[in-house]
Amino acid sequence: MQTLQQGFIIEETERKNSILEILSDNYCRMIIESIMYKPKSVMEITIETQIPMSTTYRKIQILHDNKLLKTSGTITDDGKKLFLYKSRVRGIQSVFKDGKIEVELIPNN
Numbered sequence: 033m034q035t036l037q038q039g040f041i042i043e044e045t046e047r048k049n050s051i052l053e054i055l056s057d058n059y060c061r062m063i064i065e066s067i068m069y070k071p072k073s074v075m076e077i078t079i080e081t082q083i084p085m086s087t088t089y090r091k092i093q094i095l096h097d098n099k100l101l102k103t104s105g106t107i108t109d110d111g112k113k114l115f116l117y118k119s120r121v122r123g124i125q126s127v128f129k130d131g132k133i134e135v136e137l138i139p140n141n
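Going by this note's numbering, the letters in the sequence shown line up with residues 33 to 141, in that order.
Calculated directly from the structure, the hints in this document are not laboratory data.
Treat each hint with caution, since some may be false.
[Unchecked claim] Restraint-style ranges between C-beta atoms, simulated for each label pair:
1) T45 <-> E65: 40 to 46 Å
2) E134 <-> T108: 40 to 46 Å
3) G111 <-> K132: 50 to 56 Å
4) K132 <-> P84: 22 to 28 Å
For every residue, glycine included, the Cβ atom is placed at its ideal position computed from N, Cα and C.
With the sequences and hints as input, model every part of the structure.
Structure follows, in structure tokens:
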């Protein structure tokens, strides 16, 4: 039997609209799926999804601005910064009922 994980409802209209816009973006969905279970660098995401690197950076920024990513960073042996990204959400549910939109984020534990 599958158990449903408790999510949290987005109340602010502007944030709901941003989340729904992200959900409608194929590249954003591909990136979220790619980093659902394991943190990855932009290079790893680009190789896995075949999304152009510049687009990947742009979409990562959008996801970051909307607090849908966890970011961790290290410095490599040759002194370069390496950032890894992991999805904060396991799922997004939206319901349109009685003229209102409800958006729920399911956390990625």
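Verification of the hints:
1. T45 <-> E65: 40 to 46 Å: Violated, since T45 and E65 (Cβ atoms, about 27 Å apart) do not stay within the stated range.
2. E134 <-> T108: 40 to 46 Å: holds (43 Å)
3. G111 <-> K132: 50 to 56 Å: Between G111 and K132, where Cβ atoms are some 52 Å apart, the hint holds.
4. K132 <-> P84: 22 to 28 Å: For K132 and P84 the Cβ distance comes to about 37 Å; the hint is violated.
In the structure shown, a violation is registered for the earlier hints numbered 1 and 4, in ascending order.
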